[in-house]
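Visitor: Between the sequences and the hints, there should be enough to build the whole structure, so can you do that?
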Amino acid sequence: MTTPQILYRDEPAVTDTAIPLAEFTAGTNSAAVRIEPGEDVRALLPLLDQLRLVEVNFPSFGDGRGFSSAQILREAGYKGELRAVGDVLVDQFVFLRRCGFDSFAPNRPLDPDDVKAAEGFFPEFYQKTSDGVAAIWAKRHQVAS
Amino acid sequence: MYQYDQYDQAMVDARVAEFRDQVRRRLDGSLPEEEFRHLRLKNGLYLQLHAYMLRVAIPYGTLNSKQMHMLAHIARKYDKGYGHFTTRQNIQYNWIKLEDAPDILAELATVEMHAIQTSGNCIRNISSDQFAGAAADEIADPRPWAELLRQWSTFHPEFQLLPRKFKIAVIASPSDRAAMRLHDIGIELVKNDAGVLGAKFFAGGGMGRTPMIAPMIREWVPAEELISYAEACLRVYNRHGRRDNKYKARIKILVHEIGADEYRRQVEEEFAHMKTLGLDPPAAELERISAFFRDPPFEQGLSDDIDRSDPDFAVWVDQNTHPHRVPGYTSLTISLKPAGGIPGDATAEQIDLMAELARDYAFDELRVTHAQNIVLAHVRKADLYAIWQKLDDAGLATANLDLIGDMIACPGLDYCSLANARSIPVAQKISERFADTGRQRELGELKLKISGCINACGHHHAGHIGILGVDKKGLENYQLLLGGSGAEDVSLARIVGPGFDEDGIVNAVETVTNVYLGAREPGERFVDTYRRIGMQPFKEALYG
Ligand code: SF4
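Protein sequences appear in the order of chains B and P. Going by my numbering, the first residue of the first sequence is number 1, and it counts up by one from there. Going by my numbering, the first residue of the second sequence is number 1, and it counts up by one from there.
The hints are simulated quantities; they were obtained by calculation from the structure and are not laboratory data. Among these hints, one or two may not hold up.
Stated by the list, open to error - No more than 25 Å apart at the CA atoms, straight line, and that leaves these computed lysine-lysine pairs for PhoX-like:
no.: 1; chain 1: P; residue 1: K472; chain 2: P; residue 2: K246
no.: 2; chain 1: B; residue 1: K79; chain 2: P; residue 2: K275
no.: 3; chain 1: P; residue 1: K165; chain 2: P; residue 2: K191
no.: 4; chain 1: P; residue 1: K80; chain 2: P; residue 2: K429
no.: 5; chain 1: P; residue 1: K472; chain 2: P; residue 2: K66
no.: 6; chain 1: B; residue 1: K139; chain 2: P; residue 2: K275
As the list claims (entries may be wrong) - Per the computed footprint, the stretches of chain B lying under chain P, defined by three or more beta-carbons under 8 Å from a beta-carbon of chain P, are:
no.: 7; segment: 58 to 68
no.: 8; segment: 87 to 94
no.: 9; segment: 121 to 128
To be verified - One side only, chain B facing chain P, incomplete, derived with CB under 10 Å:
no.: 10; residue: E23
no.: 11; residue: A26
no.: 12; residue: G27
no.: 13; residue: E36
no.: 14; residue: V41
no.: 15; residue: A43
no.: 16; residue: Q71
no.: 17; residue: Y78
no.: 18; residue: R97
no.: 19; residue: R98
no.: 20; residue: N107
no.: 21; residue: W137
no.: 22; residue: V143
All C-beta atoms, glycine included, are put in the ideal place defined by N, C-alpha and C.
Guide: And the structure:
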């Protein structure tokens, strides 16, 4: 079980132990699963209602597949806790947030001051993602994004 | 030219602040080099053999005189008084101190410039045709589309840690002056039967150790779905591109291994999903951007006549100008390839002069070309002589565009820590050997490209003549390749045979040009003759 160091959710962190994807899709009543970089997160889409926690593992920070995994889950309407675990660095923080992560359990705890600074670095964003923040183009043209 | 609004400016300013903080943490030791590495790379800062190198983005190669003056200022204040224009239409400084880097970025931000994503495994600077908006043969100006993609790719949260770097080129004419199909994604703007502009997508091209020509993956992407489709292409790559081997991580390997059809199928599936997410800006955004690229106030009814009484000037005009779509105007290429010089290098004084000429004669606009030259895209033919005289005084009037002297060379072992061999001295020796303009013109169009190692930053696969530096038992050795092209007749060059030492490769280049002169038929360029007669005659002449 991992415990998040940082959580952006109204409800408390899910404490269930996340089980591997293969175990989860084989049939289980668990509500928590862990995704590894090479795994196809779309296998979870039929089972989203059952899930309260998805952990996306980053064995090394340079492997960006977890960003797509998170986006796919959020785009499909997953509302549960989405936790980044492993080699999670403060400098990816904003990007992880934008991809839908709302829970962070890094191997090495992040410096809270650095996290605070990172949260505020980008005043605006060019792209629309599932996080609901208005893209720059939406503000320019006063349209919904 | 595009101008920042408050949003664009805020993004660039934010990046300066963020990077200043990262450098502070690096210098005080709280950020280890291994983690700092990919952060500095995303700000274009490489650690080279002797110092840091900073690469500054010049989106689609276009800049104004104020920005150009800033590049000169940075060369003077923070480097050794010169800059190096690159094959990605950017500029690099080779002698940068880490602690100066945040200040440089801050100075750049004052003129709407940055080094965002000029390196690292993310979407790099978008490149385009250096004659965009001017060329007689274009169907539209590709730069508004490139700008739309620039904004989309800047700090894209999902694509910051791709398997490998990712390069996109956008063109809009049948002549390919940007090596479009040798990019990870190449986009050619086309018009449908109704006269509407759309994008034809190619994916999986590239140079490096496994050169590939990008196959076409979609005939037509409507403007209003451009971002969704690009996003789909990138997501498939981010998820399925190889990460087990750095040398197999580019999208070309994915497309090659699963096949263009399968890649296309996966992208289509993702695209169908993307279209439901509302990721595309409204049409008004492309219109807003396009407004910045409207024609400058061209004078109407100008004469196309040029006084050719000065023979040196006449040669330069014939060689270094390109047809413009407005009568009386031309697009002028300033060669950064003087005989014996370092291809792409310019001194701060030369950069300032080019900026002044742009301001006085070219509607305040310059372009950097992927062949490492500078273009003034809209020049009155009547002003050419005055411009030429000023360029000539500054050593910038070399009349060799597209000739053998107009070669591309990567930094090689003089700067680059990955190099096997030096590129620059070879380039200098060849350019001296062929210094005589008459001799170069006799050889005609001849694209010579030199890389100091298999990573192919000097595009040797795309050279009519390519040179590749290799390491042969600890000695620098050079392989000769023939028959490549990065233009619309795209092809990959092939290795001729055993390599040569430094002097040997210079002689070998001369030998193959002699074979060409002996065998050519009227109107044939070097590469045409090679394609007709094949490798054998060249081989025989080289190895007997
Ligand atoms: S081709 Fe090789 S030597 Fe030349 S710049 Fe690229 S990595 Fe360095």
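Visitor: Run every hint past the structure and note whether it holds.
Guide: Hint check results:
For the suggested pair P/K472 and P/K246, the alpha carbons sit about 23 Å apart, so the restraint of at most 25 Å is met. Proposed proximity of B/K79 and P/K275 is supported: the alpha carbons are some 21 Å apart, at most 25 Å. Between P/K165 and P/K191 the alpha-carbon distance is near 30 Å, which puts this suggested pair outside the 25 Å criterion. Of the supplied pair hints, the one linking P/K80 and P/K429 holds, its CA atoms being roughly 24 Å apart against a limit of 25 Å.
Pair hint P/K472 plus P/K66 does not hold up; C-alpha atoms about 46 Å apart against a cutoff of 25 Å. About 20 Å separates the Cα atoms of B/K139 and P/K275, which keeps this hinted pair within 25 Å; it holds. Counting residues of the segment 58 to 68 of chain B whose beta carbon lies closer than 8 Å to any beta carbon of chain P gives 7, which meets the minimum of three for the stated coverage. For the segment 87 to 94 of chain B, the proposed coverage by chain P is satisfied: 4 residues have a C-beta within less than 8 Å of a C-beta in that chain, meeting the threshold of three.
Only residues whose beta carbon comes within less than 8 Å of a beta carbon in chain P count, and the segment 121 to 128 of chain B has 8; three or more means the coverage holds. This hint is violated: B/E23 has a C-beta 22 Å from the nearest C-beta of chain P, more than the 10 Å allowed. A hinted interface residue such as B/A26 counts as satisfied when its beta carbon comes closer than 10 Å to some beta carbon of chain P; here the least separation is about 23 Å, so the hint is violated. Against a cut-off of 10 Å between C-beta atoms, the interface hint on B/G27 is violated, since the closest Cβ of chain P lies about 25 Å away.
About 12 Å separates the beta-carbon of B/E36 from the nearest beta-carbon of chain P, more than 10 Å, and the hint is not met. The restraint placing B/V41 at the interface with chain P holds, with a minimum CB-CB distance near 9 Å, inside the 10 Å limit. Below 10 Å, beta-carbon pairs count as interface contacts, and B/A43 has none with chain P, the closest being about 13 Å; its hint is therefore violated. For the restraint placing B/Q71 at the interface with chain P, the shortest Cβ-Cβ distance is roughly 5 Å, inside the 10 Å limit, so the hint holds.
Because the smallest distance between the Cβ of B/Y78 and any Cβ of chain P comes to about 14 Å, over 10 Å, the interface hint for this residue is violated. For the restraint placing B/R97 at the interface with chain P, the shortest Cβ-Cβ distance is roughly 8 Å, inside the 10 Å limit, so the hint holds. Nearest Cβ of chain P to the Cβ of B/R98: about 4 Å, under the 10 Å cut. The hint holds. Interface restraint check for B/N107: the shortest CB-CB distance to chain P comes to about 13 Å, outside 10 Å, so the restraint is violated.
A cut of 10 Å between beta carbons decides the hint on B/W137: the least distance to chain P is about 4 Å, and the hint holds. About 6 Å separates the beta-carbon of B/V143 from the nearest beta-carbon of chain P, less than 10 Å, and the hint is met.
Hints 3, 5, 10, 11, 12, 13, 15, 17 and 20 from the list above are not met by this structure, while the remaining hints are.
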